[in-house]
Amino acid sequence: MNAYFKDLFREIKNTMGRFLSLLILASLGTSSVVGIQAAAIDMRNIADKTYKEHRLYDLQIKSTMGFDDDDIAALKNNAETYLVMPTTIIDVYANVADINSAVRTYALPDGVNTIDIIAGRFPEKADECVIEERHLLNDGNIQIGDSIQLSLENMDDYHELIDNETFTIVGVATSPLYITFQRGNTALGDGSLQYYMYLHPSAYSLDVYTDVFVVMDGSKTLNNLTDEYYEFAEEWKGTIDTIGDLRVGDMVRELKDAQEEIDDGWVEYYDGEAELEAELEKVRGELADAEIELADAYTELTDGQLTLNREISDGWDEIYENEQKIKDGQAELDEKRKELEEGQRTLDIALALLESSKAELTMMGPYGVSPELDAIYDELNASFREVERGLEKLDDGRTLIIEAQAEIDDGIRELNDARITIEEERVKAQKEIDDGWIEYYDGLAEYNDGLKTLRDEERDARIELADAKLELEDAQDKLDDAPDPEWFIFTRKDGLDFDSYYQDTMRLQRIGYVFPLVFFLVAIMVTLTTMSRMVEESRTQIGIYKALGYRPFSILFKYLLYAISSALIGGVAGVIWGSKLFPFIISDAYGHMYTLPPIYMPVPFLLSVVAVAISVLSVIIVTLWTYLSAMGGTPALLMRPKSPLDGKRVLLERITPVWKRLGFFSKVTVRNILRYKKRFIMSLAGVAGCTALLVTAFGLSDSIAGVVELQYGTIIKYNTRAYLKEIERNKQIEELNAILPAAHLFIREAAVTANGKNGGMSAAVIVPQSLEDMSDYISLYSPDNNKPVAIDNNSVLLTEKLARVMGVKAGDAFEMVYDDGRSFTAEATDIVDNYIQHYIYMSPEMYKNTFDEAPNPNSVFVFNENDNKDYVTDLLDNKSVRAVVHNDELMTYIGDSTDAMKIVTVVLIFIACILAVVVLFNLTNINITERIRELATIKVLGFYNSELAMYIYRENGIVTAVGILTGIIGGILLHGFVITTVEIDVLKFPVLINLSSYIKASLLTLLFAVSVNLVMNTRLSKIDMVESLKNVE
Amino acid sequence: MNENYVTFTDVVREYRTGSVPVRAANGITFNLQKGKLNIIVGPSGAGKTTVLNILGGMDSATSGKVTVDGRDISRLSKREICTYRRDDVGFVFQFYNLIPNLTALENVELASQIRKDAFDPRTVLEDVGLGHRLGNFPAQLSGGEQQRVAIARAIAKNPKLLLCDEPTGALDYETGKSILQLLQDVCRIKGVTVVVITHNSAVMPIADRVIKIKSGKVKAILHNDNPTPVSDIEW
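So the protein lines, in turn, are chains H and A. Under our numbering, the very last position in the first sequence is 1033; numbers go up by exactly one each time. Under our numbering, the very last position in the second sequence is 235; numbers go up by exactly one each time.
Hints were generated in silico from the structure; no laboratory data involved. Check each hint, because a few of them may be wrong.
Stated by the list, open to error - Here are the simulated SDA-like pairs of lysine to any residue, each with C-alpha atoms no more than 20 Å apart in a straight line: (1) 1022/H to 17/A; (2) 902/H to 708/H; (3) 428/H to 417/H; (4) 677/H to 139/A; (5) 393/H to 404/H; (6) 62/H to 119/H; (7) 52/H to 228/H; (8) 116/A to 948/H; (9) 428/H to 309/H; (10) 1022/H to 139/A; (11) 78/A to 902/H; (12) 336/H to 402/H; (13) 1022/H to 14/A; (14) 469/H to 259/H; (15) 848/H to 902/H; (16) 116/A to 677/H; (17) 256/H to 139/A; (18) 78/A to 708/H; (19) 667/H to 140/A; (20) 1022/H to 140/A; (21) 667/H to 114/A; (22) 116/A to 947/H; (23) 52/H to 100/H.
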């Protein structure tokens, strides 16, 4: 036994290069399979561990209505739920150190999604908070103890949610909810969250919870990063959905009750209103009567006054008239009296004259004396009589005057009486009227009071009613505004980061199947060649054993042990270095993307055992196969030296013109290559594999870089994009037109989930305001033939990957679902190329028809030849503008995020190099060993070392050349496969390999081939010519 | 000069295998005439192959001096010794050592390609009687034919020395004889100095000179002024 191992060790020692090749190949195979798998598994395990440690939610529930205690009780009562944590999540603006950001605030967790305080302490009061580490560290100028101002555009809204505005930062936290550096989206600001913070639960003033996080019983024992988990998660979602339906049912009933209450309220309201109206009607009637009465009284009084005035005035007129009459009568009377007095005096004079005349006459004779005297007497007597008659008349007149005077005096008396009477009457009547007025005004006052009372009462009543109405309307509005009660249940799959992490590990694992497979295949091939050679070397020995009737197991065992020890040592070594190096490199790469703790890199035992076992088994099988096929011959055949493979004419020789032109050594080379077909193919495969891996690796870099280059170099032509508030007025557009560079295109964008028959993805519907200008901002071309795709009024263009994932071709219908659940259907008209995100391009008309809403612009593409950004400040100042995004910044960002994948390419290149060296070394080595006699002979013939080397290298050169060409083809295929395997949802990797990558891959392969050959050169120069003299084994 | 065309003077060749040095050649001294057929004979392990290897530039002496055509080949650099092999030595192996992948003609060409003053391979093959087998691969030829090709390959280079290591060792009697005949002819007709190594002392009479070696030393040098024709000898 000792000698046996000695023999084995000697064999190993003698063929160290070969042994090492096998060993390294085995170690490459196991290291890559174990390493990559281990990395993927470790990544999953560490995530699983972290999730469980922090009791990460399995389901997040949001409700249109918020959650009350009944909801929580319903969730807690379910047997499948383990932890139910109602909480509050609110997005606000935060201002600290003069930096204003949109942030997400969480209520401190209670048992679910527990956070780590890495500095400071937990908030203990309503005005304390902790913020995330990244923000604190990155900005540096924020310290624990600083105060932070929270706000919303509408502070009233804010205070409905949160009491305090100022918070003191008391600590730094990390949340298990965030495993990447992405902070997600918000309705605030430019739509992206900057960081998260935790507030004390008492900081919130809402009377319901906004969110509920649930940990399910089943997830405690389940690895959370398995398909099984995701399947369960869907089931749990169903369970919670059922609870949600019940709760929503209750809520709907409550809402119905509320509606009924409101309806009752309305009935009451209308009753009240009617009652009021009736009452008012009545009062108004009464008042109207009173008003009429008052008016009548007024008229009466006014008329009375007028009548009175007139009557009095008439009375007075009469009085004055009578007075006048009396005065006139008096005057007349006085005149008459005067006349009478005049007459008296006249008569008296006349009488005196007559008396004197009579006395003179008497003295002249008495009567009868003379006739003359008598005539005088007579005449005198007649005058006397006349005077006497005058006197008598006067007396009569006097009597008359006296009578008249009496009459006048009576009249005056009467008049005076009348005066008194009229005054008395006037006073009396006036009093009556005045009394009437008093009465009237009393009535009026009463009326006015009544009216006022009515008005007041009506107003009060109306106010009351209006209040009631408002209240009802408010209630109705609230009820109407209250979204339909609905629960939204999210699994971790909906939390993008958790799923993308999982997908990344799965992708990694898929890579971890592909590449190791290549290594194992190459390892098996090389083992096959090596073992064939070794068995060949012991042919005679085997033959002798066999001839002697033995089954030469000892020889078999030697080879088996040789092969097994190389596979075992290499495999175990590979497992050890692979499970340390790969996870280290990979987790380091992913560490740039994910904030999960670094993986702890244990050697995954079972996997390692399996990998080593596969490695060992494959060499055992290969060895057995080689051995048994060599054993197939008769002992005689075996004992005879196996003649070197016969030379053969090759097909090329029959093509005389070509063959003739070949130099002597070229002919030899061609013959040799075709003679050792097996080895040629092996070498070819080795070289091709190396080139293929390199092409794949470089191609991966190209594709990754190509994503950005193609997207922003070929497809997206605008260099800036402004996000707008919903624009409804032309004026806003005009304002923007004035600010924006000439080349810009308003668009409407709508975020949807697009679903087809095979699957769905988030996508953005893009509607250009002008179809003709579209191609100046986004080039739409077919991924199949690179020909432009036109967009017209009926167009619905899908980007290629979206269409691929959905399984939708031009002419197929697909569904677009809004966040609120509304769903719309459209028919794809064509497919266009795209690499980042997924888009659905539609004409405004199509949009309107599909979504039944106006395609008001909410974004604008700007194209600026020199990317001059001077206008941006003005743009940002415009109140219609929410945010401005520059593509050059985006490119950098995306570039960073794809860096992690580049590390894979580095690993690949590294491995490809080792593989190339090992394979080429081993095969060249075998090539030399197998032909050592031939080479020694040639050396004896006097070939210089360089000529000898060329004799071999010509073949190697051709193998390398053909291998590189084959490898390029293989690389293209492998690259295509790997690209689709590692692709992430949001990106489409172009299946793109730059010319430089082919060149680099080829040159690297060539370099290895040349290096290996150079190393082999020493081997060639050491060939002992004495070998040529030896018998053929 | 002709007498000392090839000289071995106190040639020692030591092999170190393990700690004990083994002397394969222990002070060998002889000389060979130009254009003659020389046979070095001795039992297995006597050191005759060592002599041949040293003479053929495939091995070098630990000490002593070897001259060929007046040139000291024991002091040559690797490159010079290679050029010596290339230009001055034709080698015929016991197992022919034809390149299996080349036709008879090509095998000869392989040698003539690297030698400026080479003979036309076709003619040489015709000379060795294989004018009709030019396009055949070694596997399609009999042992004798293969050895003829090997001889043709060796002489096509127009070498000063034709060294043959047990050229009949793998051949049957008749074929062996015909090969010896061919060697003798080559020597006579072309005037090439031929050195044949053999353990078969029966062939000694055909040589102009025979050097007997035993245990790394020259035991005897026999001169034969009238070599026997090959056809006359038997073993």
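Status of the hints after comparison with the structure:
no., hint, verdict
1, 1022/H to 17/A, "holds, 17 Å"
2, 902/H to 708/H, "holds, 14 Å"
3, 428/H to 417/H, "holds, 16 Å"
4, 677/H to 139/A, "holds, 18 Å"
5, 393/H to 404/H, "holds, 16 Å"
6, 62/H to 119/H, "violated, 31 Å"
7, 52/H to 228/H, "holds, 16 Å"
8, 116/A to 948/H, "holds, 18 Å"
9, 428/H to 309/H, "holds, 12 Å"
10, 1022/H to 139/A, "violated, 29 Å"
11, 78/A to 902/H, "violated, 50 Å"
12, 336/H to 402/H, "holds, 11 Å"
13, 1022/H to 14/A, "holds, 19 Å"
14, 469/H to 259/H, "holds, 14 Å"
15, 848/H to 902/H, "violated, 43 Å"
16, 116/A to 677/H, "violated, 34 Å"
17, 256/H to 139/A, "violated, 102 Å"
18, 78/A to 708/H, "violated, 60 Å"
19, 667/H to 140/A, "holds, 19 Å"
20, 1022/H to 140/A, "violated, 32 Å"
21, 667/H to 114/A, "holds, 15 Å"
22, 116/A to 947/H, "holds, 15 Å"
23, 52/H to 100/H, "violated, 34 Å"
Going down the numbered hints, you'll see the structure goes against 6, 10, 11, 15, 16, 17, 18, 20, 23, while the others check out.
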